[in-house]
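Asks: Top line first, the protein sequences correspond to chains H and Z. Going by my numbering, the residue at position 213 of the first sequence is 251; the numbering climbs one at a time, nothing skipped. Going by my numbering, the residue at position 122 of the second sequence is 168; the numbering climbs one at a time, nothing skipped.
Honestly, the hints are just simulated from the structure, not real lab data. Wrong hints could be hidden among the right ones.
Unchecked claim - Distance condition first, Cα-Cα at most 30 Å in a straight line; then the derived DSS-like pairs of lysine-lysine:
{"hint": "1", "chain 1": "H", "residue 1": "K113", "chain 2": "H", "residue 2": "K204"}
{"hint": "2", "chain 1": "Z", "residue 1": "K164", "chain 2": "H", "residue 2": "K214"}
{"hint": "3", "chain 1": "Z", "residue 1": "K169", "chain 2": "H", "residue 2": "K214"}
{"hint": "4", "chain 1": "Z", "residue 1": "K164", "chain 2": "H", "residue 2": "K165"}
{"hint": "5", "chain 1": "H", "residue 1": "K140", "chain 2": "H", "residue 2": "K204"}
Stated by the list, open to error - Derived contacts from chain Z toward chain H, CB cut-off under 8 Å, selection only:
{"hint": "6", "residue": "E253"}
{"hint": "7", "residue": "A256"}
{"hint": "8", "residue": "D257"}
{"hint": "9", "residue": "A260"}
{"hint": "10", "residue": "S261"}
{"hint": "11", "residue": "V263"}
{"hint": "12", "residue": "T264"}
{"hint": "13", "residue": "F266"}
{"hint": "14", "residue": "R267"}
{"hint": "15", "residue": "V269"}
{"hint": "16", "residue": "P272"}
{"hint": "17", "residue": "P276"}
{"hint": "18", "residue": "V279"}
{"hint": "19", "residue": "L283"}
These numbers were taken from a predicted model, which means no experiment stands behind them. Ideal Cβ positions, reconstructed from N, Cα and C, are used throughout, including at glycine.
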Amino acid sequence: MGGDLTLTSVTKRFGAFTAVDDLDLRVPEGSFFALLGPSGCGKTTTLRMVAGLDEPTTGTVLLGDTDITRLKPYKRPVNTVFQSYALFPHLTVADNVAFGLKRRGRRKIDDEVAEMLALVELQQLAKRRPGQLSGGQQQRVALARALINQPEVLLLDEPLGALDLKLRRQMQIELKRIQTEVGLTFVHVTHDQEEAMTMADTVAVMNEGRIEQLGPPEELYESPATTFVANFLGQSNLVAGSVTGTSGDLVHVEVHGARVFAGRSRSRVTEGDVWAGVRPEKVYLAGPGEEAADEVNSLRGGVVSDVSFVGVSTQYLVRMAWDQELTVFEQNTGARKRFRPGDQVDLHWRPEHTFLLDATQDAAAGVEREPV
Amino acid sequence: MSAAGHVPSLGPTEAQLTGRPDPASRRSGWSGYLLLLPGGLWLLLFFVVPTVTLMATSLYDPAGSLQTGYAMTGHWQNYVEALGDYAPQFVRSLVYALLATVACIVLGFPLAYAIAFKAGRWKNLMLVAVIAPFFTSFLVRTLSWQYILGDNEALVGFLRSIHVLAPDGYLLATPFAVVTGLTYNFLPFMVLPLYASLEKLDPRLIEAGADLYASPVTTFRTVTLPLAMPGLVAGTLLTFIPSAGDYINSELLGNPRTRMIGNEIQDLFGAGDYPTAASLSVTLMAAIVVLVFVYVRRAGTEELL
Ligand SMILES: Nc1ncnc2c1ncn2[C@@H]1O[C@H](COP(=O)(O)OP(=O)(O)O)[C@@H](O)[C@H]1O
Ligand SMILES: [Mg+2]
């Protein structure tokens with residue numbers, strides 16, 4: 039088989055409930071692809087349809103040119119690292135890892151198993167049973183058990199979800215290294231946006247059974263297509279405005295009496311009501327009237343309502359005249375003035391950092407994130 | 047309590063890891079023995095004493111009787127006689143028990159599997175249905191099989207009409223009827239422990255098997271069955287042991303040539319030949335202990351699969 043993994047108009051219903059809704063997805067061969075979305079948005083269901091554990095209600099799953107929509111799971115060149123690992127408790131680590139090769143009738147696999155255990159640094163634990171391992175070790179057994187089969191596509195369902203933060207960061211780097219080394223297609227499911235962005239070549243943001251936006255992490259971050267992506271991937275300030283005109287590459291927007299500009303390439307709408315968005319770290323603060331370059335966007339008359347120092351940066355909440363609170367991250371370079379709660383401030387940022395979104399979307403979509 | 051002053055520890059204690067008693071449990075040892083006392087007394091009274099008595103009886107001089115009393119003469123020839131006279135019944139008992147156990151596995155495994163994985167909200171109802179027969183007496187239930195298997199009843203009529211049975215064929219008073227009765231009576235003892243094992247089995251393991259190139263049959267052999275082994279072993283013991291010693295099913299559903307060792311023991315007791323009956327009982331017990339020991343040892347390995 040081999041080739042890209044393509045899902046075309048895939049829908050999965052459980053009774054009246056639609057878990058995956060008319061999903062189109064193309065995962066290029068050899069890429070590290072992340073499926074990012076909040077809990078319950080249909081990520082696992084999507085993976086299960088690729089693995090063959092669930093059958094789509096409608097739509098097709100292609101691997102290269104081969105239609106695998108109705109192929110039995112044990113006949114697909116696809117392996118899964120399950121959300122809960124699902125290691126076989128009655129088998130040793132080595133036997134868990136050897137399971138897939140044995141089922142395909144391979145003999146003399148000891149060297150291969152040892153090599154794979156070395157790759158995930160578990161040689162010493164080969165004779166243990168899964169119950170005697172820590173979470174991180176179990177996770178690596180699950181990875182080795184899937185990886186040793188050299189599947190066309192490796193599916194990883196929140197494989198790092200059960201690990202603590204430090205181990206998770208370590209495993210992210212490790213996983214990325216292994217993927218580069220073996221060159222297989224990885225489809226990595228996560229609800230952790232940072233994990234998705236640091237690991238994947240391509241990120242698909244999923245919400246309520248649909249793909250909201252798909253692309254390289256930078257593109258999704260700098261130019262979100264929907265309010266959901268703007269809020270779920272990092273944070274965004276979304277301010278209500280309406281387009282007043284265009285000039286060259288810029289779209290002019292009136293925002294609560296001020297005029298701001300947005301780059302045309304980042305404007306999903308170029309007329310009528312919009313959400314004008316900017317990322318908190320793109321904004322810088324200045325005292326009233328202190329900075330007034332014509333080519334920057336400015337919102338004036340804010341009052342600092344909260345300051346939190348987080349080491350590398352300081353996070354400000356600024357209450358605007360129209361009673362909206364905006365977020366500003368300032369790097370702690372020491373070069374810029376520090377403000378206190380109650381200070382009068384103006385907000386400035388560059389026009390190309392502005393993105394415009396459809397005003398009919400919910401500005402709070404994707405804001406609620408579960409605690410990491 | 048002596049433990050009150052201890053800092054609660056997470057995870058296994060050193061004693062649990064090394065098998066050595068830790069100082070705390072040694073200090074409170076006497077209370078442990080005190081707690082064992084009721085159970086120990088119970089065992090002494092209802093297990094050790096009867097077993098010793100049984101063994102002693104098996105060595106009495108068979109010349110005695112209940113009326114005249116028995117003399118303890120260490121008459122080991124009881125065993126030789128018993129084995130010589132009743133070898134066929136011994137073999138028959140073990141064969142019938144084995145057949146019934148196999149039948150219980152064949153019927154009970156799918157049933158336990160269905161209850162554990164497929165029953166959904168009917169699960170509890172199905173479990174009650176498995177246990178429900180116990181609300182009726184063992185005797186009554188076995189007697190009702192006389193009716194079910196009877197020569198003039200629907201089942202035999204049907205089997206004759208589809209030529210499974212000859213026109214004058216019958217089921218009652220055959221080895222088949224005895225094994226059927228044993229299977230029926232001990233099936234719940236197979237289903238319940240099997241269910242308990244399967245219920246604990248994470249269905250995602252079965253999916254993991256499928257994901258790793260194992261067909262449903264292979265997944266069953268390499269994942270489901272090994273993980274159901276504790277239940278299967280328990281179920282086998284709970285059906286095989288009582289089946290081998292049973293005499294009701296042979297009595298009610300069999301014929302003189304289906305007599306099991308239990309029937310002989312019961313007759314001998316009835317006739318007052320306590321020494322022979324006791325030596326048969328001890329022999330049966332020993333045979334079962336040996337068989338069970340071998341079985342459990344092998345079940346612990348993959349040899350059995
Ligand atoms: N077998 C099922 N039957 C009914 N509903 C299901 C089933 N599997 C998943 N769902 C529902 O589909 C939705 C998506 O589930 P899932 O794909 O597991 O989400 P995610 O992995 O993104 O957290 C959830 O609302 C879940 O309750
Ligand atoms: Mg999930």
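Asks: Next, verify each hint and record whether it holds.
Replies: Results for each hint:
Of the pairs offered as hints, the one joining K113 (chain H) and K204 (chain H) is violated, with about 37 Å between alpha carbons and a cut-off of 30 Å exceeded. For the given pair, K164 (chain Z) sits about 40 Å from K214 (chain H) by alpha-carbon distance, which is inconsistent with the 30 Å threshold. The hinted pair formed by K169 (chain Z) and K214 (chain H) fails the criterion: a straight-line CA distance of about 45 Å is larger than 30 Å. Note on K164 (chain Z) and K165 (chain H): the hinted pairing is violated, with a Cα-Cα distance of about 35 Å set against a maximum of 30 Å.
The straight-line distance between the Cα atoms of K140 (chain H) and K204 (chain H) is roughly 35 Å, outside the 30 Å bound, and the hint therefore fails. Contact between E253 (chain Z) and chain H, as hinted, is supported at the beta carbon level, the nearest pair being about 5 Å apart and thus within 8 Å. Hint on A256 (chain Z) holds. Least Cβ distance to chain H is approximately 4 Å, under the 8 Å limit. With its C-beta approaching chain H no nearer than about 5 Å, D257 (chain Z) sits inside the 8 Å limit, and its interface hint holds.
The restraint placing A260 (chain Z) at the interface with chain H holds, with a minimum CB-CB distance near 5 Å, inside the 8 Å limit. A cut of 8 Å between beta carbons decides the hint on S261 (chain Z): the least distance to chain H is about 6 Å, and the hint holds. The closest approach between the C-beta of V263 (chain Z) and any C-beta of chain H is roughly 10 Å, which is over the 8 Å cut-off, so the hint fails. Because the smallest distance between the Cβ of T264 (chain Z) and any Cβ of chain H comes to about 6 Å, under 8 Å, the interface hint for this residue holds.
For F266 (chain Z), the shortest C-beta to C-beta distance to chain H is roughly 13 Å, which exceeds 8 Å, and the interface hint is violated. Here the hint on R267 (chain Z) is broken, as its CB sits about 11 Å from the closest CB of chain H, past 8 Å. Nearest Cβ of chain H to the Cβ of V269 (chain Z): about 6 Å, under the 8 Å cut. The hint holds. The closest approach between the C-beta of P272 (chain Z) and any C-beta of chain H is roughly 5 Å, which is under the 8 Å cut-off, so the hint is satisfied.
Interface hint at P276 (chain Z): violated, since its Cβ lies 10 Å from the closest Cβ of chain H, which is beyond the 8 Å cut-off. Because the beta carbon of V279 (chain Z) sits about 14 Å from the nearest beta carbon in chain H, more than 8 Å, this interface hint is broken. At a threshold of 8 Å, the smallest CB-CB gap from L283 (chain Z) to chain H is about 20 Å, leaving the interface hint violated.
Hint violations for this structure: numbers 1, 2, 3, 4, 5, 11, 13, 14, 17, 18 and 19, all remaining hints satisfied.
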